[in-house]
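K.L.:
Here is how the chains run, residue by residue.
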Amino acid sequence: MLDFEVFTQQLITGLSNGMIIALIAIGYTMVYGIIELINFAHGDVFMLGAFLALTLLGALGMEAWGPSGQVFGVALMLIGSAVFCGGLNWSLDRLAYRSLRKSSKLSLLVSAIGCSFVCMNLGLFWGGAPMEVFSNGNSAAAPKHFPAIIPQINLLGDGFLRITPADLLVFTVTIPLMVGLTIMVKRTRLGRAMRAVAQDPTAASLMGIPVDRVIGATFFIGGALGGFASVIYSLYNNTIGFQMGTRAGLDAFTAAVLGGIGSLPGAVLGGLTIGCVRSMSDQYLETRWTNTIVFCILVLILIFRPNGLLGKTRKEKV
Amino acid sequence: MSDFLLDVRNLHSSYGQIEVLGGVSLHVTEGEIVSLIGANGAGKSTTLMSISQVVQPRSGDVRFAGESILGLRPDEVIRRGLVQVPEGRRVFPRMTVLENLMMGAYLRNDTAGVEHDLGKVYELFSVLKERGSQIAGTLSGGEQQMLAIGRALLSKPRLLMMDEPSMGIAPILVSRIFAAIRQLNSEGLTVLLVEQNARAALGLSARGYVLETGAIQFEGPSSELLSDPRIQSAYLGD
Ligand SMILES: Nc1ncnc2c1ncn2[C@@H]1O[C@H](COP(=O)(O)OP(=O)(O)OP(=O)(O)O)[C@@H](O)[C@H]1O
Ligand SMILES: [Mg+2]
Numbered sequence: 099m100l101d102f103e104v105f106t107q108q109l110i111t112g113l114s115n116g117m118i119i120a121l122i123a124i125g126y127t128m129v130y131g132i133i134e135l136i137n138f139a140h141g142d143v144f145m146l147g148a149f150l151a152l153t154l155l156g157a158l159g160m161e162a163w164g165p166s167g168q169v170f171g172v173a174l175m176l177i178g179s180a181v182f183c184g185g186l187n188w189s190l191d192r193l194a195y196r197s198l199r200k201s202s203k204l205s206l207l208v209s210a211i212g213c214s215f216v217c218m219n220l221g222l223f224w225g226g227a228p229m230e231v232f233s234n235g236n237s238a239a240a241p242k243h244f245p246a247i248i249p250q251i252n253l254l255g256d257g258f259l260r261i262t263p264a265d266l267l268v269f270t271v272t273i274p275l276m277v278g279l280t281i282m283v284k285r286t287r288l289g290r291a292m293r294a295v296a297q298d299p300t301a302a303s304l305m306g307i308p309v310d311r312v313i314g315a316t317f318f319i320g321g322a323l324g325g326f327a328s329v330i331y332s333l334y335n336n337t338i339g340f341q342m343g344t345r346a347g348l349d350a351f352t353a354a355v356l357g358g359i360g361s362l363p364g365a366v367l368g369g370l371t372i373g374c375v376r377s378m379s380d381q382y383l384e385t386r387w388t389n390t391i392v393f394c395i396l397v398l399i400l401i402f403r404p405n406g407l408l409g410k411t412r413k414e415k416v
Numbered sequence: 693m694s695d696f697l698l699d700v701r702n703l704h705s706s707y708g709q710i711e712v713l714g715g716v717s718l719h720v721t722e723g724e725i726v727s728l729i730g731a732n733g734a735g736k737s738t739t740l741m742s743i744s745q746v747v748q749p750r751s752g753d754v755r756f757a758g759e760s761i762l763g764l765r766p767d768e769v770i771r772r773g774l775v776q777v778p779e780g781r782r783v784f785p786r787m788t789v790l791e792n793l794m795m796g797a798y799l800r801n802d803t804a805g806v807e808h809d810l811g812k813v814y815e816l817f818s819v820l821k822e823r824g825s826q827i828a829g830t831l832s833g834g835e836q837q838m839l840a841i842g843r844a845l846l847s848k849p850r851l852l853m854m855d856e857p858s859m860g861i862a863p864i865l866v867s868r869i870f871a872a873i874r875q876l877n878s879e880g881l882t883v884l885l886v887e888q889n890a891r892a893a894l895g896l897s898a899r900g901y902v903l904e905t906g907a908i909q910f911e912g913p914s915s916e917l918l919s920d921p922r923i924q925s926a927y928l929g930d
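Residue numbers (my numbering), protein chains in the order written: chain A, 99 to 416; chain B, 693 to 930.
Looking at chain A on its own, in the form it has when it is part of the complex:
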């Protein structure tokens, strides 16, 4: 195998993981854009989405379904986790954040950290569920195997380079979601209301925009994107665990900051960058350095370019 092929392979992996990170990053960036809160619980909401997907997979016995049945199964998990994560994120806003809107940003942040712990512990609890897909005789905290119900074949035939149906799934799910979201924010009534609330909530309420409901919708959409991400992440990486939200959250948050927090295209650019940095680091350094490198990137951006790559002009903030 040639160096060039190794590099290209890592690039494919990096871009696939990057798209997943980007989808999570959009959830951070949308919520930050509208209420200037780093929703620390977002990564854990994502984790719970993966647990729901695995639960559905196990409860419905999807592993035994035929190929076309499994396509349906993937769609079912995507929709289930999206609705679940959207609803959960919406509930966090409703229960834990809304009453703190007029308090200091710090109270809100502390509340978000609290929500993160609560969700993580829910995941730990859930991991002990008496289901075959969860237990395998291990503890609740142990990482769970997520069955590869989409075929692990190489679409490029027998060459060294591999593009699998999982790679394809990542792109066929993420790209339409991102395009759809961009159109939604630009063109729809809800999108206009979201931009108005992000730019000036008082003025927005003087236009008759129901500010709290628009913020709730933003949480729902951001959470739902995290839910989609959780299913494709699980199908792509085949391992989930109650702490996965922390690492995915760190990656996605770094991506959002790198791209310029509040910027949708920035979140995508940042996600792809972090995905590629991770895969290159895994290949050319050592996997144990990868998280450190991501953390260093976060610190360096916060010090030297806090507005991120695309955040400088502050063009589109939602």
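Note that these hints are calculated values from the structure, not bench results.
Note that the structure is predicted; figures quoted are calculated from it, not measured.
Glycine included, each C-beta is placed from N, C-alpha and C at the ideal position.
Be a bit skeptical, because a hint or two may be false.
Examples of chain A residues toward chain B, derived with CB under 7 Å [to be verified]:
no.: 1; residue: I136
no.: 2; residue: Q297
no.: 3; residue: D298
no.: 4; residue: P299
To be clear about the criterion: a stretch of chain A counts as covered by chain B if any three or more of its residues have a C-beta under 8 Å from a C-beta of chain B, and this derived list gives those stretches [unchecked claim]:
no.: 5; region: 281-294
no.: 6; region: 360-371
Within a straight-line C-alpha distance of at most 27 Å, the following computed DSSO-like cross-link-like pairs (lysine-lysine) qualify [what the hints assert, rightly or not]:
no.: 7; chain 1: B; residue 1: K821; chain 2: B; residue 2: K848
no.: 8; chain 1: A; residue 1: K203; chain 2: B; residue 2: K812
no.: 9; chain 1: A; residue 1: K284; chain 2: B; residue 2: K821
no.: 10; chain 1: B; residue 1: K812; chain 2: B; residue 2: K848
Fit chain B with the ligands to the given chain A structure using the hints.
P.N.:
Quick look at chain B with the ligands alone, frame taken from chain A:
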């Protein structure tokens, strides 16, 4: 029973523990221009925000067109035709001029009516038509004020409350804006005008109120207020 379009009775409002309005009463009759003047921090903006139900009053009543609107959501207040142009203009800085105007029509479904009102706004402030695709944050202060007024007009107001439309604007544009207020009023719009520029406001209005630390201290026909020596020394710089 009253025939007032807007009737504010003994309104109390606070921010946290700090009471800002200690019983404000004022009224506006259909077709009038009424000015509300007062020094910095007197509570003028808080009065308007309490009327719009963006700030929840502690007690008192706000009646519009014969019904209490106390406790309604801000959008329900706007639907009834009680619209505010906020202090400092508050245009959406990263939206275009046209997008800003259309935000004013957020609650409306009558496309034809919105088009018609947009045409009227363009007649009033032609610069808004020329700059339709400009990002609002890059407009001058005066242009932003015109945009804020145009945006409010697209909410189809019966009564328009304006909070210091002359703030930070070149004198030439101030007279343009005041002329526009006069014209809108002659076409039937009722106006409650909050101003620190007391002379200009009282020159435009038929009646006025003077707010001092959360309570109305003087009220009466504008001409009387203009000639009152206490008001002259405190607010008119004589
Ligand atoms: N959001 C707020 N939180 C706490 N206090 C506030 C808030 N807004 C206004 N205040 C206080 O309430 C008082 C009245 O403020 P308000 O803005 O209503 O005055 P104003 O008459 O409009 O003044 P100006 O002419 O400067 O606009 C002031 O003492 C101000 O500091
Ligand atoms: Mg004020």
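K.L.:
Now look at each hint and say whether the structure bears it out.
P.N.:
Hints, one by one, checked against the model:
1. I136: 21 Å, violated
2. Q297: 5 Å, holds
3. D298: 5 Å, holds
4. P299: It is violated, given that the least Cβ distance between A/P299 and chain B is near 10 Å, above 7 Å.
5. 281-294: Answer holds; 5 residues pass the 8 Å Cβ test.
6. 360-371: Violated - the region 360-371 of chain A has 0 residues with a Cβ nearer than 8 Å to chain B, which falls short of three.
7. B/K821 - B/K848: 19 Å, holds
8. A/K203 - B/K812: Judged against 27 Å, a Cα distance of about 42 Å means the pair is violated.
9. A/K284 - B/K821: With Cα atoms ~21 Å apart, A/K284 and B/K821 stay inside 27 Å; holds.
10. B/K812 - B/K848: Between B/K812 and B/K848 the Cα gap is close to 12 Å, so the pair holds against 27 Å.
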